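From first to last, the protein sequence lines stand for chains D and G. In this text, residue positions in the first sequence follow this note's numbering: the first is 14, and each later residue adds one. In this text, residue positions in the second sequence follow this note's numbering: the first is 485, and each later residue adds one.
Wrong hints could be hidden among the right ones.
Stated by the list, open to error - Under the rule of at most 30 Å between Cα atoms (straight-line distance), these lysine-lysine pairs were calculated in the DSSO-like manner:
(1) G:K572 - D:K62
(2) G:K491 - D:K62
(3) D:K131 - G:K574
(4) G:K491 - D:K131
(5) D:K121 - G:K574
(6) G:K491 - G:K574
Claimed, not checked - With the Cβ distance kept under 8 Å, some of the chain D side facing chain G (calculated, not the full set):
(7) H26
(8) M29
(9) L30
(10) T34
(11) E39
(12) P122
(13) D124
(14) P125
Derived by calculation from the structure, the hints in this document are not laboratory data. It should be emphasised that the depicted structure is a prediction, and the values quoted were computed from it without experimental measurement. Where a beta carbon is used, it is the ideal one built from N, C-alpha and C, also for glycine.
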Amino acid sequence: MEQKILIVDDEAHIRMLIEQTLEELEDEEVTFLTADNGEDALEIISSEKPQLVFLDVMMPKMNGMEVCRRVKKELVLDDVYIVLLTAKGQEVDRLKGQEVGADVYMTKPFDPESILQKARTVLGLV
Amino acid sequence: MARISLKNILSGKTAESALISSLIEQLNAAVFIEDVNRNVLLGKGTAVVNDSQPVTMDGETIGWVKCNEQVPVIASLLNLMIQKEAEKKKIASEVLLLYQEVNMIFNFSEKLAQTIGQTSIATITLDEAGRLIKSDNGLILLWDEDSNQIEAPASFGKPLFNEEKLKTHIDLLLSISKSGQSDIMSDLSALQDAGLISPDVQSLVYAALKVKHRVMGAIILARAEPVQYSAADLKFLITLALQSSSAIESALLYEKNIREAKEKEEAMRLIYEVTNKFVPHEFIRSLGRDVITDVRLGDQVEKIVTVLFSDIRDYTTLAEQMTPEENFRFVSSFNERIGPIIREHRGFINQYLGDAIMAIFPGKASDALAAAIQMHQAVQEFNAERALHNESQIKIGVGMHTGPLIMGITGDRDRLDATTIADTVNTASRLEGLTKHYKVDILLSESSVHHLADREAFHLRHLGPVQVKGKKAAIHIYECFNGSNEQDLHKKLHSLPLFTEGMSDYLNKSFHEATNKFYRALEIFPEDKTARLFLGKASHCMVEGISESWTGVEEIHSK
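The following block holds chain D by itself, in its conformation from the complex (with noise of 0.2 Å):
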């Protein structure tokens, strides 16, 4: 079954690198999605239903928390992993990452290895 990633940053080289890191999983029919914006990244959930996303906090437009919020809040797509990432130091986020419904929450930078055991644990393909 084609299952879909996506990867959400305003910064080119993160989106870059969550790819290279997650590049096996090509072989196991996995689609990667990205958006560098927030609008952008619900449109594509809406439309796409990706099971699993990287969704950067700060991020012009519409911020991460908020497309989570409306992803989980007002979509209601339970289905949809999030994983927030935020950029360490920043940590007080955790709460309201919480709040806003986040399955989960990372720092950047990120240690590429528990991304990848996040995203195979997530897709069933450990």
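For this one, chain D is given, so just place chain G on it according to the hints.
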């Protein structure tokens, strides 16, 4: 090398896929794209194609474009796309490696930031180095600039260095830890010939721990396998060493600061303790302050206190027989005995004035009197010791008075003093002076007597009114003789009723009776100099007569 899957490019929703599809459509040609295993990835229908062009990546065929001759352009386009994609992936994977390094350094910094001690920092650094750079032995050497000694706060694996030899080859080791260099050592023969490192060691890498130009030591890693460390390993080790160096430097500074702070604290405590001895804490507390640094010029408080004055009798004569140094030692030795007695009775010494002591008792008047009695007992013990050394006996007189007293801080901005200002002090001092006149040990004012809660506990004799120099009103004074030796005490008590009656008769101008009573009292206690004094006064009045204004008030004109 990054892998590119033709299938991934052509399937899904990639821009590349859309472009190729639209091109094939516009060319209206039969084109099939197959993967390396001849599975069709794009193209439909059963048209016959006569050409087959390979799609390659770095010379390796990863698929085929089958088409007619007029459209090899599709194969070229696909090849170009693959090449671009491959380049992108290659850069991405290199960046990812760098990112992992950044992440590692970030985590390492974070760990360091949470670590304080020099040894813990060394341990964390070596753990991280050993985890990232495969090694069999590891060691951190720190060089102490002051002592020129080397210590090893962290290590793993078999001991890298022979400790015994280490001591004899300290210079060689110093040359590594002090060199400030970082390098991969391929030729270990010098170290091994000296027996300094284990012969197992095949490869060694070290990085200097230094801050700016100050070399603190080195991290050393070694392998037993003949696999040389790489330049990347060295770069990594240098990065760790750099981070660790500043952390160690901070730790050293931190430890130094703590040590200095403790020393300062200790110095402050000593100053505080000494200051306490100069200005008693009770004084400070009476002013409503906790510590002397809180005290301000102008602080003052008025209280009812008992002031006690003590003086060594005939000290001037005594002092003349001593050198200044002996004098000082004598007074010190005396004061050392008296000070604790004052404090035991909740008083504090306001001032030492040579051989005189002025003490204040903020609480009960009986505290002061009990202290005065004990002071006399202490003097008796002191005399017993002096007798053993053939030294002359000393006597003290104690005067006390209870009344209001202002304690305060006077002086100017740059020179403060804790002072007491009151008539009470003067009166107490005068009473002390009168002990010689009345031939008694302890004299207290009527005010002090009135303030005695347990008057019965003390043996008192009323000595009539006295007018001291500089005072308008006369005050009644009392002798306390609890401090007398046992024999005298007994006789004084026995003669007390006669003495009291004699005093009463004397003040009532019944001088004949008074003379008789004092005479009889002296029969009981012939050495009673006070009774003898009043016998003299009474008989004088009886024989010479008195003026009309006579009130019995003793006028003292000398101090």
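Quick rundown of the hints versus the structure:
Simply put, G:K572 and D:K62 have alpha-carbon atoms about 27 Å apart, close enough for the 30 Å limit, and the pair holds. Between G:K491 and D:K62 the alpha-carbon distance is near 23 Å, which keeps this suggested pair within the 30 Å criterion. For the given pair, D:K131 sits about 24 Å from G:K574 by alpha-carbon distance, which is consistent with the 30 Å threshold. Taken as a hint, the G:K491 and D:K131 pair is honoured in the structure, with Cα atoms around 26 Å apart against an allowance of 30 Å.
Only pairs whose Cα atoms come within 30 Å are accepted, and D:K121 paired with G:K574 is accepted, the gap being roughly 23 Å. In summary, the hint linking G:K491 to G:K574 is supported, as the alpha carbons are separated by about 19 Å, within the 30 Å threshold. At a threshold of 8 Å, the smallest CB-CB gap from D:H26 to chain G is about 7 Å, leaving the interface hint in force. Among the interface hints, the one on D:M29 holds; its C-beta lies about 5 Å from the nearest C-beta in chain G, closer than the 8 Å criterion.
For D:L30, the shortest C-beta to C-beta distance to chain G is roughly 5 Å, which falls under 8 Å, so the interface hint holds. Because the beta carbon of D:T34 sits about 6 Å from the nearest beta carbon in chain G, less than 8 Å, this interface hint is met. Contact between D:E39 and chain G, as hinted, is supported at the beta carbon level, the nearest pair being about 5 Å apart and thus within 8 Å. The beta carbon of D:P122 is positioned within 8 Å of a beta carbon in chain G (closest approach about 5 Å), and the interface hint is therefore held.
The beta carbon of D:D124 is positioned within 8 Å of a beta carbon in chain G (closest approach about 6 Å), and the interface hint is therefore held. Look at D:P125: its Cβ gets to within about 6 Å of chain G, closer than 8 Å, so that hint holds up.
Of the numbered hints given earlier, the model fails none.
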